[in-house]
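Residue numbers (this note's numbering), protein chains in the order written: chain A, 10 to 345; chain B, 2 to 547.
Because the hints were derived from the structure by calculation, they are not lab data.
Don't take each hint at face value.
Unchecked claim - 27 Å max Cα-Cα, derived BS3-like pairs, lysine-lysine: (1) K280(A) x K140(B); (2) K501(B) x K213(A); (3) K164(B) x K169(A); (4) K419(B) x K280(A); (5) K140(B) x K169(A); (6) K164(B) x K280(A); (7) K169(A) x K419(B); (8) K213(A) x K446(B).
What the hints assert, rightly or not - Distance windows between CB atoms, simulated: (9) D227(A) x R65(B): 43 to 51 Å; (10) G243(A) x A386(B): 27 to 35 Å; (11) G243(A) x P373(B): 51 to 59 Å; (12) K213(A) x S482(B): 45 to 53 Å; (13) R336(B) x G243(A): 21 to 29 Å; (14) H500(B) x G329(A): 50 to 58 Å.
Using N, Cα and C, we set each Cβ at its ideal position, and we do this for glycine too.
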Amino acid sequence: MRASDLLCSRPEGLYCPPGDFFIDPVRPVARALITHGHSDHARPGHRAVLATAETLDIMELRCGADFAGSKQAMRLGETISLNDVKVTFQPAGHVLGSAQICVEHRGMRIVASGDYKRQPDATCAPFIPIPCDVFITEATFGLPVFRHPHPADEIARLLKSVEQFPERTHLVGAYALGKAQRVISLLRQAGYERTIYIHGALTKLCDYYQSRGIELGDLQPATVEAGGKEDFAGEIVVGPPAAFSDRWARRFPDPVACFASGWMRIRQRAKQRGVELPLIISDHSDWDELTETITETGAGEVWVTHGREEALVRWCELDGIAARPLHLVGYEDEGD
Amino acid sequence: MRRFAELLDRLVLTPSRNGKLTLLTDYFRNVEDPDRGLALAAITGDLSIAAVKPAMLRTLVTERMDPVLFGYSYDYVGDLAETVSLVWPEPPGHHAANIRPTLADVVGALQSASRSDGPRVLARLLDRADISARYAIIKLVTGGLRIGVSARLAKQALADLGKVDVSEIEELWHGLTPPYADLFAWLEGKGPKPETAAKALFRPVMLANPVGDGDLERLDPADYAAEWKWDGIRVQAVCEGGIRRLYSRTGDDISPAFPDLVEAMTFEGVLDGELLVGDPQRETGTFSDLQQRLNRKTVSAKMLDRYPVFVRCYDLLQKGGEDVRALPFLERRARLENFVRRLDPARFDLSPLALFSDWPALEEMRSNPPHPVIEGVMLKRRDSAYLAGRPKGPWFKWKRDPFTVDAVLMYAQRGHGKRSSFYSDYTFGVWAGPEGAEELVPVGKAYFGFTDEELRQIDKFVRDNTIERFGPVRSVRADRSHGLVLEVAFEGLNRSTRHKSGVAMRFPRISRLRWDKPAGEADRIETLQALLDRTIDYSETETRIS
Chain A
10 MRASDLLCSR
20 PEGLYCPPGD
30 FFIDPVRPVA
40 RALITHGHSD
50 HARPGHRAVL
60 ATAETLDIME
70 LRCGADFAGS
80 KQAMRLGETI
90 SLNDVKVTFQ
100 PAGHVLGSAQ
110 ICVEHRGMRI
120 VASGDYKRQP
130 DATCAPFIPI
140 PCDVFITEAT
150 FGLPVFRHPH
160 PADEIARLLK
170 SVEQFPERTH
180 LVGAYALGKA
190 QRVISLLRQA
200 GYERTIYIHG
210 ALTKLCDYYQ
220 SRGIELGDLQ
230 PATVEAGGKE
240 DFAGEIVVGP
250 PAAFSDRWAR
260 RFPDPVACFA
270 SGWMRIRQRA
280 KQRGVELPLI
290 ISDHSDWDEL
300 TETITETGAG
310 EVWVTHGREE
320 ALVRWCELDG
330 IAARPLHLVG
340 YEDEGD
Chain B
2 MRRFAELLDR
12 LVLTPSRNGK
22 LTLLTDYFRN
32 VEDPDRGLAL
42 AAITGDLSIA
52 AVKPAMLRTL
62 VTERMDPVLF
72 GYSYDYVGDL
82 AETVSLVWPE
92 PPGHHAANIR
102 PTLADVVGAL
112 QSASRSDGPR
122 VLARLLDRAD
132 ISARYAIIKL
142 VTGGLRIGVS
152 ARLAKQALAD
162 LGKVDVSEIE
172 ELWHGLTPPY
182 ADLFAWLEGK
192 GPKPETAAKA
202 LFRPVMLANP
212 VGDGDLERLD
222 PADYAAEWKW
232 DGIRVQAVCE
242 GGIRRLYSRT
252 GDDISPAFPD
262 LVEAMTFEGV
272 LDGELLVGDP
282 QRETGTFSDL
292 QQRLNRKTVS
302 AKMLDRYPVF
312 VRCYDLLQKG
322 GEDVRALPFL
332 ERRARLENFV
342 RRLDPARFDL
352 SPLALFSDWP
362 ALEEMRSNPP
372 HPVIEGVMLK
382 RRDSAYLAGR
392 PKGPWFKWKR
402 DPFTVDAVLM
412 YAQRGHGKRS
422 SFYSDYTFGV
432 WAGPEGAEEL
442 VPVGKAYFGF
452 TDEELRQIDK
462 FVRDNTIERF
472 GPVRSVRADR
482 SHGLVLEVAF
492 EGLNRSTRHK
502 SGVAMRFPRI
512 SRLRWDKPAG
522 EADRIETLQA
532 LLDRTIDYSE
542 TETRIS
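Please work from the sequences and hints to get the whole structure.
So, in structure tokens, the structure goes:
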């Protein structure tokens, strides 16, 4: 069978005709398979949802208990059959609960990787390469300029700055799902034991991560109590990036704006956002990880989606791998 | 090299002056010689490395990677140095940690490379560096770090490091050479103050305090001499043992940009004065004429002809071999008069004393100066010695009141650093067009002059009256019946072909919020145009004469 008969792009999202299901659809559908909990991939309103237990929990936390008609939890590594199509979820290393979805039918195997990364991450299971005929890869950082450094080095720069500017608050912008918990976890791994203050928008997810056994240490809400703004001098506060240009940020003394994101690789991006200390920490693969992963899967064909498709397609061509952009709409880079 | 690269990365994104100083002093404290001295020289522009052209850089990188992929990358990043630093492929079998070069290794290799060898040496250095070090290396060889740190700020960081006054560093500076090991030793208390054997060094200048409320009531007018305050730039002209230097007031050597003036510096001594455009005997040009000559490395014959410069002298620090700074002002002044008389009258003249009997008379002179390029008066105590820095008491500057205009707030942009949660940069406009069809034309942008409380009020107004958002910028409602009127104070107007309104303000700031004033009653563009016509444009005068 042809690959495009097994998975094809529809306005609702990536569709499997023989299995009659969608992967990460952007509009409400009858049956949706969800790779991970970021809001551009995991939307409410589907009749039936199949995802990992963590992704289902996260969707419930973010969208309410009635986010779908019915839900079914998949274990990582487990295979089920949907109308004769074999479906397997394998870890993607992106955020807690994230999975690649491997779809197999009549000898044709396609892996929809969702968002993924190869760097070690204590807050989720590591990516497992799956040999396949067609590999569907993201391309959020699909340009040779994106080379993520070791996250430990980035955290070391943050801690050095905290030491250099003890009278200021370090405000670390990090998206609520995944990045925030990863930054906190990295700080703990670096031996930072002080209380870390968090914006209210992170509370539910941090609590959830901790309930799943991920160590985040002592977290407190970043609210001004009886004391004053100076209470936060020398402290680290983590919050969603949008909150920093908000009036919320005024409660901190002379804050150092930090932003944990793969986009921080580009100086102009940091400058435009008024970021003083960019932390290049990403939950997506960088260029080297993308190209190495494509090679590792042994896929003869690659479909490239959401991001900078053209460079990755070009790289595949140079490497003798058939490749084409897969035009799916509606995916932002919420996770980074 | 890693620490230097990290310093550059942080400096470029740190908006506050204090933040930059902390980063610099920490660096100078923690990094050893000669790396820290070389970094200092790179920042102050005193490091000489043969330049590599952008085209060469592009060739080097496309020899190592697919040009199409490079093209995509460069299009996305937009900055060649940054793109190359990111995409540069690490050579095979490369093991990062153990062979990272120091800044001294890098500078040494670049300085000893021959012209033909340069690209190969650069490529080898890039092979051995990580991304941020590659960026720093490329910045070093393409010239101009552009990190928002002036030589003056770097010297202030040195002063902070050694807990000395910055004027001491400025005075020494031109006698020192990279990597400044003797300077650092002195600052850290490990060595004597470096000897200044070099000739024609900069002397720290004496600065005036603004006249504050009630200052004059306590002073006797008979103790003070007054001079006009000319609207040029403060310079120090030094000639010693055949060496001639023109310094800015912060001790930057600006001689190369003013060969016309330096040629006429045939004296032996140190003069303090105002650099102006024009011919002292005929006409003094405006600041916007002078700007044509500022911040240039070289200057064309046409520029020299069209915008000749001269110095209007107001003090003498050294006469021949004699340091006269300790003498009273009037005695220095008498020597200055004799001294200037012997100089080329097309390049040097004397700043005349303005005679006055009492403070009200001086106030009248300040408010109605006899020449458009005068921006106020200077007061100097007759017995004052020439002291470095800004001592309180001997010298005052008393500027004429600024111009003001009532303008309407049009756009607001989010600030940086401390102000990143505030809309704190304001673009304002005045009315133009026929009656009944008036529209606002932007005439300037200001981001200070208001109190913290006023900032909060304007921020609220912006959020409540936003019409559109463009990234960090919001347009706010501004029509005849609704809008916030800002009283904007400014020092002068320049003609501008870049702005739709045809005018550009100098030093605009918000002086008052006019919540009481209806937007429709704000000023019209004609008010500013009339002001523009009042100030004489030297270049036009010259055209009229010739």
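Hint-by-hint comparison with the structure:
| no. | hint | result |
| --- | --- | --- |
| 1 | K280(A) x K140(B) | 18 Å, holds |
| 2 | K501(B) x K213(A) | 52 Å, violated |
| 3 | K164(B) x K169(A) | 24 Å, holds |
| 4 | K419(B) x K280(A) | 15 Å, holds |
| 5 | K140(B) x K169(A) | 24 Å, holds |
| 6 | K164(B) x K280(A) | 32 Å, violated |
| 7 | K169(A) x K419(B) | 20 Å, holds |
| 8 | K213(A) x K446(B) | 43 Å, violated |
| 9 | D227(A) x R65(B): 43 to 51 Å | 48 Å, holds |
| 10 | G243(A) x A386(B): 27 to 35 Å | 46 Å, violated |
| 11 | G243(A) x P373(B): 51 to 59 Å | 53 Å, holds |
| 12 | K213(A) x S482(B): 45 to 53 Å | 46 Å, holds |
| 13 | R336(B) x G243(A): 21 to 29 Å | 56 Å, violated |
| 14 | H500(B) x G329(A): 50 to 58 Å | 55 Å, holds |
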